[in-house]
Amino acid sequence: MQANFSEVQMSSDLFYSFLRIATAQALRAAGIDRCAPSVLDTLTDLTIRYMDLLSVKASSIAAVCGRGEIEIGDLRMAMEEIGMLRPRRILDETVDDGEHWGIDVEDEGLQRFFEWCRSIPKEMQAVIGDEALIDGLMKKQAGVGQEDRFKGTILDPVDPSEQETNGYMTAKIKIEGGPGPSALS
Amino acid sequence: MSSSIKYSYTLWSPSDTVKDVAESLGIANLSEEVSKSLAMDVEYRINEVLEQATKFMKHSKRTVLTSQDINYAFRVLNVEPLYGYESNRPVKFREAILGPGQTLYYIDDEEVDFEKIINMPLPKVPREVSFTAHWLAIEGVQPAIPQNPQPSDGRSSTTGQPGVSSTEIEVKPLVKHALSKELQLYFDRVVSALTEESSTSAMKNAVLNSLGNDPGLHQLIPYLIQFVAERIRLNLKNASMLYLMLQVLHKLLTNKTIFIEPYIHSIMPPILTLLVGKRLGNSQSSVEDHYNVRDFAGSLLNQVCTNYGDTYHALKPRVTRTLLKAFMDSTKSAGTQYGALSGLTAMGPEIIRVLVLGNLRDWAAVIGSTSTVTEEDKRRLGNAVLDALRLLVDPEFSTIEELSTEDITKFSEFVGLEVAKLVDDAPDKENIIKAVLEGQKFP
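Residue numbers (the numbering used here), protein chains in the order written: chain A, 1431 to 1615; chain B, 14 to 456.
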């Protein structure tokens, strides 16, 4: 019952192409119009590895705190560890700068990050986390009369009707070709 | 160190490949020794990476080496990763002809507009992993659903001529599955051993033992049951034959390797016939034989009802209806009455209490006055009645402590004189009287 090798490849292909498009959009937003496809592949790969690194670091920090799930604080610490958020100044005993130490100075990297987050235009903000919007898009893509096109695929996994018996969830499995209802009973 | 190493023992040719790469990087003059050492080193590194990558491939139980394996190998060897090889799209190499016979292969890498990339069709959305189940064979028969191999698949591979085989099939219209030659032979032998005059009792016993213990008889069950039913129909006068047939049924029912449930409803008619049939056996067979048949049929009925009465809800009511009809009909012979009564006993104490108890007095009166009932019959019937009444006895449930004369009079009024006399002669009459009186309380 394991997904066979080609199935795993197919789903990772799909997600890779999604990310590739997103990378292309990001480059376009930065002002770059064309590039060699190998460059785009490389950048997509870099994005994948970066997100991977961030999530692995955040989950290891959460594990150190004894938690199984990542909280926002873990994510922030992970960002600092990989160098995304850097403090403005690092403590140096030889320099005596008493009056410049304040919370806002230390936090500058983080504050800049917040400003960037807030600067996302309103339309983009509406898309983030909006499940109804995504469902609507999927239906539109599936086309009229074929609303079930994405059902049963990885985008819309079928939730088998689950019944709880004896504390275990069991899914209904249809068995084909069996005998009909017994004529004897 | 030797001045000139003639051969480099590598697949990478130092003069061609290494030189081409050096030229593409802008290094025009690379000495022979350097390029040879470089080629050997490069080959060694590639071998190292491939070794680690094949280990990953083997542990993933695959035979295809993927770029992901190479990435893992890099991580293990502490080498900087190569970016850009995640996707599975094939890398296209282009040819460039430099001189006579010399071709250079390079990767085609033209600049593409982002619009084109974004509007490219996406790969197919793969289905989620799921599974279904299907019946491979039910009761030895393979259902013809699309998931099972079709019979034509096997035939064409064995004969080698797919077109010819369709005309060679003998169609048996009434039979869903064809019997093998061995099974047909076995069936004929069984039939002849059971029906022929010349077969000895040893042979009959052998046949019965085989029916009771052999596996693989499943496909013959409908034929056997049909044979038994027909024999019974034709031989109602022959008590020994009837007894033999009942033995066949008994063996079939006790054979642990046969799944007899679907055929229970076709077994019931012969058993019931032999239990409540009007006349079993002729004047030549003894009375005892005739009653033996009924007793055997009754015990078979008991066995079937205990084993299958719960799974088939219609079984017990139907049987009870048949038996009750036979019991209440006073024109039927004594044998019928006896069979019906012992059958009802097999149904359980509730049946006796609800159906039989109330009718006992009238029934006994009719039986007593009928002339065709012999003394032997009466004795047997009496025993049957006592057995039925004994079923009601439940020492834990009795509320009556001592029997008063009032109780005894009530009892004989209820069940009638004949039955009261019967009970009086029985050794456990007190228990029976108590049980009947209590049974009477609940309507």
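Do not take every clue at face value.
Example chain A residues on the side facing chain B (calculated, C-beta under 7 Å, incomplete) [claimed, not checked]:
hint	residue
1	D1443
2	S1447
3	I1451
4	R1458
5	R1464
6	T1472
7	D1475
8	L1476
9	P1551
10	M1554
11	I1605
Just so you know, these hints were derived from the structure itself, not from any lab.
A virtual CB, placed ideally from N, CA and C, is assigned to each residue, including glycine.
These are the hints, each one checked on the structure:
1. D1443: OK, holds: A/D1443 within 7 Å of chain B, min 5 Å.
2. S1447: With a closest approach of 6 Å, the A/S1447 hint holds.
3. I1451: Cβ of A/I1451 sits 5 Å from chain B, so the hint holds.
4. R1458: 5 Å, holds
5. R1464: A/R1464 check passes; min Cβ-Cβ to chain B is 5 Å, inside 7 Å.
6. T1472: 4 Å, holds
7. D1475: 4 Å, holds
8. L1476: 6 Å, holds
9. P1551: 19 Å, violated
10. M1554: Violated, about 17 Å.
11. I1605: With a closest approach of 5 Å, the A/I1605 hint holds.
Hint violations for this structure: numbers 9 and 10, all remaining hints satisfied.
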